[in-house]
Every structure is written in structure tokens, then in C-alpha cells.
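Chain by chain, the residues run as shown.
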Amino acid sequence: MGSEAAKSDNYAEYWACSPALESRGKVLVTNPPEPEMQLDFTIEAKDYIKTGRASSEIKLFLKKLGVNPDVLRRVAVACYEAEINVTAHSNGGTVQALIYQDYILAIFEDKGPGIEDIEQAMIPGFSTADELAREMGFGAGLGLPNIKKNSDLLYIKSAVGINTYLAVIILFEDKQDV
Amino acid sequence: MSEERKEKKEFFHAVELDREKCVGCTKCVRVCPTEAIRVRNGKAKIDSSRCIDCSQCVKVCPVNALYIKSDPLSDIFKFKYRLAVISASYESQFSEEIGYERALKALLHLGFDEIAEQAMITDVTADIIRDYIRNHPQIRPVLSSNCPAIVRLVQVRFPSLVKNLLHIESPMSMLAKYYRDKISKEKGLKEDEIGIFLIVPSSSQITAVHQPEGTYKHLHDGAIAISDIYSQVMDIQKKLCDDDTQISSYANGLSWAISGMEAEEVAADDIETLAVSGIHNVIDILSNIESHRLDQYDYIELKNCQLGCVGGELNVENPFVAASRIKKIVKKTRRKEIDNDYFFRLYKEGYFDVEPLEPRSIMELDKDIRSALAKMKKVKEIEKKLPGLDCGVCGSPTCRALAEDIVQGQSKIDDCLVRLRRIKKNKEE
Numbered sequence: 051m052g053s054e055a056a057k058s059d060n061y062a063e064y065w066a067c068s069p070a071l072e073s074r075g076k077v078l079v080t081n082p083p084e085p086e087m088q089l090d091f092t093i094e095a096k097d098y099i100k101t102g103r104a105s106s107e108i109k110l111f112l113k114k115l116g117v118n119p120d121v122l123r124r125v126a127v128a129c130y131e132a133e134i135n136v137t138a139h140s141n142g143g144t145v146q147a148l149i150y151q152d153y154i155l156a157i158f159e160d161k162g163p164g165i166e167d168i169e170q171a172m173i174p175g176f177s178t179a180d181e182l183a184r185e186m187g188f189g190a191g192l193g194l195p196n197i198k199k200n201s202d203l204l205y206i207k208s209a210v211g212i213n214t215y216l217a218v219i220i221l222f223e224d225k226q227d228v
Numbered sequence: 004m005s006e007e008r009k010e011k012k013e014f015f016h017a018v019e020l021d022r023e024k025c026v027g028c029t030k031c032v033r034v035c036p037t038e039a040i041r042v043r044n045g046k047a048k049i050d051s052s053r054c055i056d057c058s059q060c061v062k063v064c065p066v067n068a069l070y071i072k073s074d075p076l077s078d079i080f081k082f083k084y085r086l087a088v089i090s091a092s093y094e095s096q097f098s099e100e101i102g103y104e105r106a107l108k109a110l111l112h113l114g115f116d117e118i119a120e121q122a123m124i125t126d127v128t129a130d131i132i133r134d135y136i137r138n139h140p141q142i143r144p145v146l147s148s149n150c151p152a153i154v155r156l157v158q159v160r161f162p163s164l165v166k167n168l169l170h171i172e173s174p175m176s177m178l179a180k181y182y183r184d185k186i187s188k189e190k191g192l193k194e195d196e197i198g199i200f201l202i203v204p205s206s207s208q209i210t211a212v213h214q215p216e217g218t219y220k221h222l223h224d225g226a227i228a229i230s231d232i233y234s235q236v237m238d239i240q241k242k243l244c245d246d247d248t249q250i251s252s253y254a255n256g257l258s259w260a261i262s263g264m265e266a267e268e269v270a271a272d273d274i275e276t277l278a279v280s281g282i283h284n285v286i287d288i289l290s291n292i293e294s295h296r297l298d299q300y301d302y303i304e305l306k307n308c309q310l311g312c313v314g315g316e317l318n319v320e321n322p323f324v325a326a327s328r329i330k331k332i333v334k335k336t337r338r339k340e341i342d343n344d345y346f347f348r349l350y351k352e353g354y355f356d357v358e359p360l361e362p363r364s365i366m367e368l369d370k371d372i373r374s375a376l377a378k379m380k381k382v383k384e385i386e387k388k389l390p391g392l393d394c395g396v397c398g399s400p401t402c403r404a405l406a407e408d409i410v411q412g413q414s415k416i417d418d419c420l421v422r423l424r425r426i427k428k429n430k431e432e
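One line per chain: the protein sequences are Z and B, in this order.
According to the numbering used here, the first sequence is numbered sequentially starting from 51.
According to the numbering used here, the second sequence is numbered sequentially starting from 4.
Mixed in with the good hints, there may be bad ones.
Stated by the list, open to error - Once the Cα atoms are required to be at most 30 Å apart in a straight line, the calculated DSS-like pairs of lysine-lysine come out as:
1. B/Lys-427 <-> Z/Lys-100
2. B/Lys-46 <-> B/Lys-427
3. Z/Lys-114 <-> B/Lys-378
4. Z/Lys-100 <-> B/Lys-185
5. Z/Lys-198 <-> B/Lys-427
6. Z/Lys-100 <-> B/Lys-387
7. Z/Lys-100 <-> B/Lys-46
8. B/Lys-378 <-> Z/Lys-100
9. B/Lys-381 <-> Z/Lys-114
10. Z/Lys-76 <-> B/Lys-166
11. B/Lys-30 <-> Z/Lys-199
12. B/Lys-380 <-> Z/Lys-100
No lab work stands behind these hints: they were computed from the structure.
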């Protein structure tokens, strides 16, 4: 999966994309077409009891569509890790799952405080998780790497002190162009 | 299984419905973990392809319309030589005064010629499971497959995890296979002259006997519920007080009737294990496994019944009392060995292999994703019109399920009485 990172004074960006999406991936995220269906959820900060429900609902939804079981597991992992990130690291946020005929675009948007250094956060084992998160069994520093590993496209845009926007695309058919 | 039964439906089920008795209360509809039951025209109806024979519905039915059909004891007399293969939970049904060995002897007086116990081969089963885990490093976690309700639950609700199921015959099937060959050789009997019957604590084991998943060969001739023979055993045992003939027993393996003991025995320095019992707990855990959240475990023991097989609905004794008895028996009795090496060798030779298990995909709304999406849109539209109370009065388990049933043409929106009532009230105002 190819990746690139960019920084400006105001925000940092990170892209990782599988060859299948190289040509159109960015457009699908920055200017998403009208989805077939959309699911919306909110995620509360530090709520370790309810966290995971959004990704469970998304998983159930895709099961009803008859999405390939292995693809389904990738969606489940990517969405769960992203949901945990919002719970553990942010002041809360939302998930939008946009469902298309051939893929899912899941957008996680939080209310800050933003990621200081995205490239560092992508290194397996790097973690800024607090004690509570670690006690709950999270914070191993594998969240973002796992999301990247399980998705066909990962886009992160973060402004320190403001918020983080994370989008993933997972194709329903393996290795097929959209 | 009888041919007549086979023709009637594609899937065999031990859980059956007596339509005459059913009052259409919908209690079963709401507890079914695979949403297999609907009430239509005042009567319950079970979707055969979804039912996993977990018997949750049987437990809540207030009028005994749902029941478990096991094989009658008289079936054993169709055979010249009769072997009982008994579940480890059997012994826990009898008090200390009666004792383990007398309860076993009573079975011989019921008409069996020989007895084999699940408990005989738990040690070697643990060896086999460990060997399987070590030889399948790409599969984590490996999921136990000796509870038939769990195998079917995975096939129906967690198709991506079917390959994680331990693909080896269950201990009671291993015994059946081993004994049929042994008896046939030793007694010079034809295979069909030997009747092998399981004495079981749960409905899904009856289903598995009549319609095994993955097995290459039909291994058993029937399954008899512990509760069906309990009173006869109690009568016979009274006459056996002074009978001091010796009988082989394998008490140490009985502990596998209690959830967690299998996982404990399989665990090793390189094998992390976890044990979960009770169908709803199992569903939670399977959902976590599906999302790769429990990859750190090498083996997970899953049991439909709370507390394990002692919690089976065809037991007579309270599960907690039964579990405590087993712990006592295991502590008191000395370990007896059978030829574990021989069993392990058979396993290595592929004698206990099973066919790859197949998922039973019933979750999707349509075979084609596009059509499924179109249907899902309609489902969501209808769901908005429903009250979201999940009361079950319509005969579907939840409002979402009713919406799906409507889209699939099996219900209509007016089946929702709450909605009708609200519309009526609005009009009046």
C-alpha cells in the first residue's frame, strides 16, 4: 500500500492507498458521491462500555448485505480500531458509514485534540494512550497500523488543538477496481 | 435416522413444535438466538434452516408446545449388540449414596451390553486438540466443536469463523467409531448388528446424531435423553445395592461436563485458552472473535449451556448441584488409564478427520449485493414507521426483523398492533 504524508502550518495529512484505488481513491474521499445508504453514530469520549457498538452495527449491516466474510472481518477490525481511537484519545465524535454497491467509506470525525505527528502514530507500537485506556487493554500502539492493514484506503487529516478526520475505504470484492 | 423423517425436511431438528398446544404467546420468538421463530396466524413456526437446536425456546414455552424429540429406549433392541456411549454429565445426576459405578451398572440392566464413557478419552482428546492447534498456526483462535449447537450457531451467524472450528470428531463420536470397529472385530458381528446409542444431556446432541455435520460416516444409531431413562435407572439401582461386580469407570474425565475444565486441560505453555458458556455469552465472544479482538487466544471452549454440559436441558439435576458432585467424584476416585497412545495414533492416521464444515448463510437479505442493498433501503424506511419497542406482538422478534419480514413478503405492516393503535389514537385526536 503506497502512502504519503503532508504537513502545513495548520494541519497534517496522511494518505495510504492500495493499488486498486490509486487512480480514484482521493476523489472518493474528498468528494464522496451520493451513497446508497448511510448509517450515523455518535461516540462518547472515555465510554469503554458502549464503545464498539457502532462497528458492531456496521458489521451486522454488511452481513445482511451478504458481504464476503473475510472482507467483513476487515471492515470490523478497521471500524472497531477507529472507534476505540475516538473513545480513548478524543473528546468524542461521530461515525458516518457510507455504503456503496462495491465498497464502504467510513468517516470518523472527532472533537479534538488532534494528532501531533501522524507519521509517528502510524509506527506499530507507538502510543499516547493514557493509563485508563491501557488498563482497559487498549493502547498497544497498533490501532492505526491495524486500520491501515485492513483497509484499501486510509486518509487522516488532523489539526492539533482542533480535531481529527479519519476515513477508510474497504472494497467488497478483493483487489477489484471501483 | 428414519427415511420418513429425512424426506419431510431438509434439516433434522430434535426441537419440535406441537401446533395444537401452541397458544402463539411469542415468548420463544424473542429468545431465539438465530431469529428462527415467527408466530403467524396465532401459531409458532420454526425456520428449519436457521434453527440450531439450542432449546432456548423449549425452556421458555409456557405450554410445552415446544419439546425435544429423543429416541425411545426400545430402539436399542433392534440391534444384536448394544453399546451406550454416555455423556460426562450422566453421573452427576445421581447422589453420592447411589454412586457413579451403580449408575453405570444400571445401564447394563436397561439392556445395554457395554458402556463407553466420554470421560474415558478426555486426556487423549486434550492431546489431540493441542496437536491440532500446533499444526494449524494460521488459525487463531481454534474454536471447540464438541457442542453441536455451537457448531450450528457458527455456521448460521458467523460464517467467517467456520474454518476456526476444530475439524476433528467430537469425543463421543470418536468413541462410537472406535467401538464399532472393535466390537465388530472382537465379537465377529456385522457393523449393522451393533447399535450405538448416545446418552445425552442436550437436544443439539440428538440433532447431531441424526444429522451430523462434517462427518464422513454415520456413527450413531440413536440418542437417548438422560431425563427419559432417569426414573428407570433409579428403580434398577435400588436392586443393585448388593451387586459388587467390578466395572471400569473413568472418573477423572468427568470434569469435562463442567465448562472451563476442557480449556484448562488443553492449556499449555504455548497454548492460551478461554472458556465461555451460555449461548448469549458465546454470541458476544464470537462477535469479538470475528473482529479479531481475541486473536491472543489459541483455543476457545464454547458451550451452549450455562456451566457446560451439566447445564443441559435434558438433565434432571440442578446444574450447580451436578457440577459440585462431579468435582467430588473426580477428587475421590483414582485415575484409570485407557490406551491413549493408540487413540492418538488413530487421530494421526486421519481416523477422526471430518469433512470441511460449510457455512449456512441465512443472514443476507439477498444473494446479490445490489438487490440486498435495495431491500435494505426498504427495511430502513419501514423501520422508521415502526415503534421500536421490540415487543414481539407482531410475531417477529424485533421491529427490525418485522421490517425485514415485510420486505421479504412474509409479513405486512399492519401486523404491528402498536402502530395501528397509535394511528387510530391520532385520528381520534
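Hints, one by one, checked against the model:
For a cut-off of 30 Å, the pair hint linking B/Lys-427 to Z/Lys-100 is broken: about 37 Å separates their Cα positions. Of the supplied pair hints, the one linking B/Lys-46 and B/Lys-427 holds, its CA atoms being roughly 27 Å apart against a limit of 30 Å. At most 30 Å may separate the alpha-carbon atoms for a hinted pair to count; Z/Lys-114 and B/Lys-378 meet this at roughly 10 Å. In summary, the hint linking Z/Lys-100 to B/Lys-185 is not supported, as the alpha carbons are separated by about 55 Å, beyond the 30 Å threshold.
For the hint linking Z/Lys-198 to B/Lys-427, the alpha-carbon distance of about 53 Å lies beyond 30 Å, and the restraint is violated. Between Z/Lys-100 and B/Lys-387 the CA atoms are separated by roughly 23 Å; this keeps the pair inside 30 Å, and the hint holds. Under the criterion of a C-alpha separation no larger than 30 Å, the hint pairing Z/Lys-100 with B/Lys-46 is inconsistent with the structure, at around 37 Å. Proximity of B/Lys-378 to Z/Lys-100 is assessed by CA-CA distance (about 29 Å); at most 30 Å being required, the pair is judged to hold.
Restraint check for B/Lys-381 and Z/Lys-114: satisfied, since their Cα atoms lie roughly 13 Å apart, inside the 30 Å limit. Distance hint between Z/Lys-76 and B/Lys-166 is unfulfilled; the C-alpha atoms sit about 36 Å from each other, more than 30 Å. For the given pair, B/Lys-30 sits about 44 Å from Z/Lys-199 by alpha-carbon distance, which is inconsistent with the 30 Å threshold. Straight-line distance between C-alpha atoms of B/Lys-380 and Z/Lys-100 comes to about 26 Å, which keeps the hinted pair within the 30 Å bound.
Consistency note: the structure conflicts with the earlier hints numbered 1, 4, 5, 7, 10, 11.
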